[in-house]
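S.K.: Sequence:
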Amino acid sequence: MTHSKPIHLMHIVDKLSMDGLNPNSCAILLKDWITHTDIGQYSITVCSFRASDPGGKFLEKHGITVHYLGLGKYSPKNIDAICKLIEENKIDLVHLHGYSAANFGRIASRKKGISNIVHEHAVLKIRPHQYIVDFLLRKHTNLAVTVSHAVKTFVIRGRSIPPSKIHVIGNGIKLEAFKKRGLPENEKFRSGLDIPENRRIVGTVTRLSSEKGTAIFIKAMPKIIAAFPDVFFLVVGDGPLRTQLKHLSEDLNLSKHLKFLGFRSDILALLSIFDIHVLPSLSEGFSLSLVEAMAVGNAIVATRVGGMREILEDEKTGLFIPPNNTEALSEKVSFLLKNPREALKLSESAVHSSRRFGIQSSADSLNRLYQQALEKSTR
1 MTHSKPIHLM HIVDKLSMDG LNPNSCAILL KDWITHTDIG QYSITVCSFR ASDPGGKFLE
61 KHGITVHYLG LGKYSPKNID AICKLIEENK IDLVHLHGYS AANFGRIASR KKGISNIVHE
121 HAVLKIRPHQ YIVDFLLRKH TNLAVTVSHA VKTFVIRGRS IPPSKIHVIG NGIKLEAFKK
181 RGLPENEKFR SGLDIPENRR IVGTVTRLSS EKGTAIFIKA MPKIIAAFPD VFFLVVGDGP
241 LRTQLKHLSE DLNLSKHLKF LGFRSDILAL LSIFDIHVLP SLSEGFSLSL VEAMAVGNAI
301 VATRVGGMRE ILEDEKTGLF IPPNNTEALS EKVSFLLKNP REALKLSESA VHSSRRFGIQ
361 SSADSLNRLY QQALEKSTR
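Residue 60 in full-length UniProt numbering is what sits at position 60 of the sequence shown, and the numbering runs on without skipping anything.
Since the hints were made in silico from the structure, they are not lab data. Treat the hints with care, since some could be wrong.
[What the hints assert, rightly or not] Straight-line alpha carbon distances no greater than 27 Å define the calculated DSS-like cross-link-like pairs of lysine-lysine that follow:
(1) Lys61 <-> Lys84
(2) Lys219 <-> Lys179
(3) Lys223 <-> Lys259
(4) Lys223 <-> Lys316
(5) Lys345 <-> Lys174
(6) Lys338 <-> Lys223
(7) Lys246 <-> Lys259
(8) Lys73 <-> Lys90
(9) Lys256 <-> Lys338
(10) Lys259 <-> Lys188
(11) Lys180 <-> Lys73
(12) Lys90 <-> Lys77
(13) Lys152 <-> Lys316
(14) Lys90 <-> Lys125
(15) Lys90 <-> Lys112
(16) Lys139 <-> Lys90
(17) Lys84 <-> Lys5
(18) Lys180 <-> Lys345
(19) Lys73 <-> Lys112
(20) Lys256 <-> Lys188
(21) Lys31 <-> Lys223
(22) Lys139 <-> Lys174
Let's have the full structure, built from the sequences with the hints guiding it.
M.R.: See the structure below:
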C-alpha cells in the first residue's frame, strides 16, 4: 500500500487513567511514542472507551487529539462508534491497547477493511469466555506486539495469536530525562520531604495493587532496620491497597522509618535520592520503573518475574530475588547497605545497560511495524 499523504493512525484504549486522578502508564507511553513519531509521515489520534479523564487531558496538553466514546469498555456499541471514527477520520490503521480495545477494535477494523495491531502490555488472568473470544478473533488479527518475550509466551498460549504474527518491542523512556541530579539539589529535596539527615534511602515507585508485591517490601523492613537503624524507606505511588498497606506499616511500628508519598510527578528527583530501589512485583510485563531506576543509577533489588528477567542481569546490573520472599528481600537489601562498593558497581553497570531502552528506539520499531501492517490492509 502506497501513501502519498500522512498515514492516519488511531490508538484505541480501554482507558487512560487507572484511578480517575492521574494518567495511567499507557497514557504516558502513548504521549512518548506519538511525540517521537515522524509527524510528517503520520497523523495520530487516540480513542478511549471512557469519558474525558486526567489521562486524556494529559495527552491533549501535549497536542494529541483524543476521542472519548464514553461507552465503557464492555459495550458492543463501541464497534459502531469505532467504525464511525474510522470513516470520519479516514483511519488507515488501528493500534489496540487493552482487552476490550483488542476485541472491538479487531471487529471494527475488519468491517472497515483496515489493518490492526494488538498490543499486549502484561500477563493477564484469562477467563474462560475470553479464550473463546480470542479464538474466534484470531484470524482477524493482522499483527501483534508484546512488551517482552514473557508476555509473548502468554499471548501465544492465552490469546490464540500465532508466533509468526507477534513482534517483541520493549517499552522505552526518555533517557535524557533520567540523569541523576547533583548533591546540592538532592539535599534540598530531601529536606523538603522532611527526611532525617544522614539516612540511607531504600525506596520503590509502584502502583499499590496486589500484583506489585509492596506488602512483601513492607514486611521485610523491620529486619533491615534491626541491622541498619539509619535506613529510611519511601513508597511512591497510589492504588487500591494504600490504606491497607498503611495499616500494615502501623502494625509493624514503621512510622519513624517509612513515608508513603502517594502519586508524584517528580520521579527523577525521587530516584536521585534513592540509594537502593526495590521492585518486589509478583508479575510484570515490562517494568518502566525498573528502566528508570537503572538510568538514574539506583542499586536495584528486583523479583525474577516476567519481563524483568529480560531487563536486569543478576549480579551485574542488579540483584534478583524470588517473588513473595520477605527473607530474600531483606537479605539482598542488607547486603547492598553493608557493601556500598558492590552497590556502586551494580548501579554503574545499570546506567550503561539502560541505554538499550530509549523511547526513540521503541518508536522506530513501532514505525517499521506500522509499515508492515499497512501492507496487509484490505482497502
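S.K.: Looking back at the hints listed earlier, which ones does the structure fail to meet?
M.R.: The structure conflicts with hints 2, 11, 14, 21, 22, although it agrees with all the remaining ones.
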